[in-house]
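Novice: Chains as they are written, first to last, in the numbering used here: chain A, 2 to 435; chain B, 2 to 435.
No wet-lab data here; the hints were simulated from the structure. None of the values given here were measured: they were computed from a predicted structure. Please note that the accuracy of each hint is not assured.
Repeated chains share a single entry, so a pair holds when one copy, or any two copies, can fit it.
The calculated DMTMM-like cross-link candidates involving lysine to aspartate or glutamate, where the alpha carbons are at most 20 Å apart (straight line), are [unchecked claim]:
#1 K240 with E270
#2 K349 with D289
#3 K27 with E337
There are 2 protein chains.
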Amino acid sequence: MKEIRVGLIGFGTVGKGLAYALLAQKERLLQKTGTTFILSAVADIALQSLPAEFSSTRLTNDANEIITDPEIDIVVELIGGMEPARTFILKAIENGKHVVTANKALLSVHGREIFRAAAQKNVEVGFEASVGGGIPVIKALKEGLVANRINFIKGIMNGTANYILTQMTDHGTPFQEVLMEAQRLGYAEADPTYDIEGIDTAHKLAILMTIAYGLHVNLSDITVEGISSIEPIDIRFAKKFGYRIKLLAISRNHGDHVEARVHPTMVPEGHMLATVNGAFNGISFQGDTVGDVMLYGPGAGMMPTGSAVAADVVDIGRNIAYGCINRVPALSYLPEHIGEPTITPMQKLVCPYYFRVTALDRPGVLSIITGIFGKHGISIQSMMQDGRDSEEPVFIVFRTHRATEDEVEKAIADIDALDVCTAPTVKIRLLNPE
Amino acid sequence: MKEIRVGLIGFGTVGKGLAYALLAQKERLLQKTGTTFILSAVADIALQSLPAEFSSTRLTNDANEIITDPEIDIVVELIGGMEPARTFILKAIENGKHVVTANKALLSVHGREIFRAAAQKNVEVGFEASVGGGIPVIKALKEGLVANRINFIKGIMNGTANYILTQMTDHGTPFQEVLMEAQRLGYAEADPTYDIEGIDTAHKLAILMTIAYGLHVNLSDITVEGISSIEPIDIRFAKKFGYRIKLLAISRNHGDHVEARVHPTMVPEGHMLATVNGAFNGISFQGDTVGDVMLYGPGAGMMPTGSAVAADVVDIGRNIAYGCINRVPALSYLPEHIGEPTITPMQKLVCPYYFRVTALDRPGVLSIITGIFGKHGISIQSMMQDGRDSEEPVFIVFRTHRATEDEVEKAIADIDALDVCTAPTVKIRLLNPE
Numbered sequence: 002m003k004e005i006r007v008g009l010i011g012f013g014t015v016g017k018g019l020a021y022a023l024l025a026q027k028e029r030l031l032q033k034t035g036t037t038f039i040l041s042a043v044a045d046i047a048l049q050s051l052p053a054e055f056s057s058t059r060l061t062n063d064a065n066e067i068i069t070d071p072e073i074d075i076v077v078e079l080i081g082g083m084e085p086a087r088t089f090i091l092k093a094i095e096n097g098k099h100v101v102t103a104n105k106a107l108l109s110v111h112g113r114e115i116f117r118a119a120a121q122k123n124v125e126v127g128f129e130a131s132v133g134g135g136i137p138v139i140k141a142l143k144e145g146l147v148a149n150r151i152n153f154i155k156g157i158m159n160g161t162a163n164y165i166l167t168q169m170t171d172h173g174t175p176f177q178e179v180l181m182e183a184q185r186l187g188y189a190e191a192d193p194t195y196d197i198e199g200i201d202t203a204h205k206l207a208i209l210m211t212i213a214y215g216l217h218v219n220l221s222d223i224t225v226e227g228i229s230s231i232e233p234i235d236i237r238f239a240k241k242f243g244y245r246i247k248l249l250a251i252s253r254n255h256g257d258h259v260e261a262r263v264h265p266t267m268v269p270e271g272h273m274l275a276t277v278n279g280a281f282n283g284i285s286f287q288g289d290t291v292g293d294v295m296l297y298g299p300g301a302g303m304m305p306t307g308s309a310v311a312a313d314v315v316d317i318g319r320n321i322a323y324g325c326i327n328r329v330p331a332l333s334y335l336p337e338h339i340g341e342p343t344i345t346p347m348q349k350l351v352c353p354y355y356f357r358v359t360a361l362d363r364p365g366v367l368s369i370i371t372g373i374f375g376k377h378g379i380s381i382q383s384m385m386q387d388g389r390d391s392e393e394p395v396f397i398v399f400r401t402h403r404a405t406e407d408e409v410e411k412a413i414a415d416i417d418a419l420d421v422c423t424a425p426t427v428k429i430r431l432l433n434p435e
Numbered sequence: 002m003k004e005i006r007v008g009l010i011g012f013g014t015v016g017k018g019l020a021y022a023l024l025a026q027k028e029r030l031l032q033k034t035g036t037t038f039i040l041s042a043v044a045d046i047a048l049q050s051l052p053a054e055f056s057s058t059r060l061t062n063d064a065n066e067i068i069t070d071p072e073i074d075i076v077v078e079l080i081g082g083m084e085p086a087r088t089f090i091l092k093a094i095e096n097g098k099h100v101v102t103a104n105k106a107l108l109s110v111h112g113r114e115i116f117r118a119a120a121q122k123n124v125e126v127g128f129e130a131s132v133g134g135g136i137p138v139i140k141a142l143k144e145g146l147v148a149n150r151i152n153f154i155k156g157i158m159n160g161t162a163n164y165i166l167t168q169m170t171d172h173g174t175p176f177q178e179v180l181m182e183a184q185r186l187g188y189a190e191a192d193p194t195y196d197i198e199g200i201d202t203a204h205k206l207a208i209l210m211t212i213a214y215g216l217h218v219n220l221s222d223i224t225v226e227g228i229s230s231i232e233p234i235d236i237r238f239a240k241k242f243g244y245r246i247k248l249l250a251i252s253r254n255h256g257d258h259v260e261a262r263v264h265p266t267m268v269p270e271g272h273m274l275a276t277v278n279g280a281f282n283g284i285s286f287q288g289d290t291v292g293d294v295m296l297y298g299p300g301a302g303m304m305p306t307g308s309a310v311a312a313d314v315v316d317i318g319r320n321i322a323y324g325c326i327n328r329v330p331a332l333s334y335l336p337e338h339i340g341e342p343t344i345t346p347m348q349k350l351v352c353p354y355y356f357r358v359t360a361l362d363r364p365g366v367l368s369i370i371t372g373i374f375g376k377h378g379i380s381i382q383s384m385m386q387d388g389r390d391s392e393e394p395v396f397i398v399f400r401t402h403r404a405t406e407d408e409v410e411k412a413i414a415d416i417d418a419l420d421v422c423t424a425p426t427v428k429i430r431l432l433n434p435e
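If we strip away everything but chain A, and leave its shape as in the complex, we get (with noise of 0.2 Å):
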């Protein structure tokens, strides 16, 4: 009977879940492998002891400890951050450790160097968990569509954002209420910038980019805006033109330059993502192959994101076993094939947009309005009007035929110079459809 053994630095949330995965699956594991997976010791800074159901796991509060011990096979690093999960990753490589990890916003940053230096030591690093939480969506991109090229990547991929813009959606409350709420219920953390800002998605559309695309594609490549501002009249209007506001991550492959961007994002509500509700994720790819394809589910949590990391785990596990370490390359391309990327500038971006234009009712104003859309060559498809026959500021809202952003901030510019323009102009990007 073969033997895994792995160390695992944090227990914390998903470091619990993986160790309970473990436990639980041993027997399935091992009838579905032929191996047993061992969680020989957890390092982790502040923990005392480990439940009663870990008697036989050593626990340090050193991770040196796990990384040097030459009886390991796969450290799983889930503490989360850039240091010290960076030092630790690293070292765990030089000392010929195959690594898991479902921290993204590493990833997504020293990606890079750590791909190189497990490729030099020859060992593998498993990252499923760090985009979709349970959701097998970088073995699905790396392989059940290996024969694609990948033509588009929109997605739901942060289930703090998804669940506050659903509670907006179903009850009509405010942004910060709902947030607070959410902070409640553990559905969003003390500090919940990543999540609310976008960066948390940011961080997953760059590792599914690089492995689409065969590209190292960086945070600092895409454009992200958060759902902070978004009010409850932009969704009641949305749902009046028959869309969802999502906070969505998209890349398209132009092929000579790729868009990357994420940022609230008006959804038609036939559309497949705007199903995705509450703290779910959804991910869809366009291959020239395949079609479109989507998968969905719990993008967060401790037993879903341990069961990735457990997915991964076992991966490397089969290929310890078989003798076949990076089978498949780390980042889907072999390394010498992945290049850099060039980024669509977000001034070329083309969609249909959502503007509300806050103004004063009086006669001629929505001529003034539109004949400055006209200028800037955008073409309205629908608008209306909340007026109240008063001197008060009403909103006219309008929903836009394909414009580019260029000419887009050009008109807001122009609009919210109006001396009857008395807050400034929102704007909501539609879907592409496509």
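The hints should help you fit chain B onto chain A, whose structure is shown.
Specialist: Positioned in the frame of chain A, the structure of chain B alone reads:
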């Protein structure tokens, strides 16, 4: 540079898909695997010549030439049906060839014989394309969700049936009319029996259950009802109750026994499976570690299915190149751990039901019918009556709480025996909330 030589039996729709996928993705696959995948030979009984792009591929009318060719590594069987597909596959295995097939009908009936032969010769059998067309559902189940006990399988696995039901739902058109239109458009075959009677869906469910549970499930284990008796009126009533009617494959793993059924099912309109429309498939699993995951995409078609077949070819090619054949067991569990299923008797099934009773609109009729339900322990959740104040028969429609199939059949027999009931009662099962 490594080379993998593929021999293809059957140059029909899916065969062409594989051939074009391997051609178009040749350079990409080389960049991902370091291996060139070559379509060496095609056998097709009816073909006189291959398209010009395949000038370096040998064409034969005799599949045995491919099966016995010592240069061929992987034999791809895409002729479908029982014979001669079974004989070709067994001979290929006998000759030490790895096999890839999309033949769900064959695997769900003769899978055991084929997988046993493959295990004996230590060759691989890939069958990703047999379920869910281009969606990498088999790989997700065998690898991505490896650390899970699968509790449920639920899915829309036949694009033709789903297309027909979607058209009936959107336009209120009767079944026969939509079927003829689907045949005209090429969405349904000249003989649509397998698709509309649920048999194709049952083939796929048998395969999924086998790998999900580690049990040898056969087509004959599955209770199958098709959609040909679904009427627009039931779709309309379902909508009023907040449901969509879908042809679902459903299996629940009770541990000591497993449900195995395919039938029209009322799915709550908020459920992800209710939003899978047209010719698409949606297949969901519930794992004890991960929770609910769904995969969505094109369930059929030349290129989507070609994508899945190509993924299997690449997977096996990697194993050949790295010398790790059967790194992942063909049926997920190692052969010695695959057991015999005990199928839950359909009579013991418990779920909510929809009934449409056709009765003369006389005083006291409702009381008699609800009395019969009560006698059989069936509790009504809601009722709608389409009364017309006349002697004409009317529809009385019920949605029940969970009841056993056994009692439901007795109740229907009692109701249909009433003088006032002028047509057989229609019964549609609801998706269990879980």
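Novice: All hints are to be evaluated individually against the structure, with a verdict given for each.
Specialist: Evaluated hints:
no., hint, result
1, K240 with E270, "both (8 Å within a copy, 18 Å between copies)"
2, K349 with D289, "neither (24 Å within a copy, 46 Å between copies)"
3, K27 with E337, "between (38 Å within a copy, 17 Å between copies)"
When the structure is compared with the earlier hints, a violation turns up for hint 2 alone.
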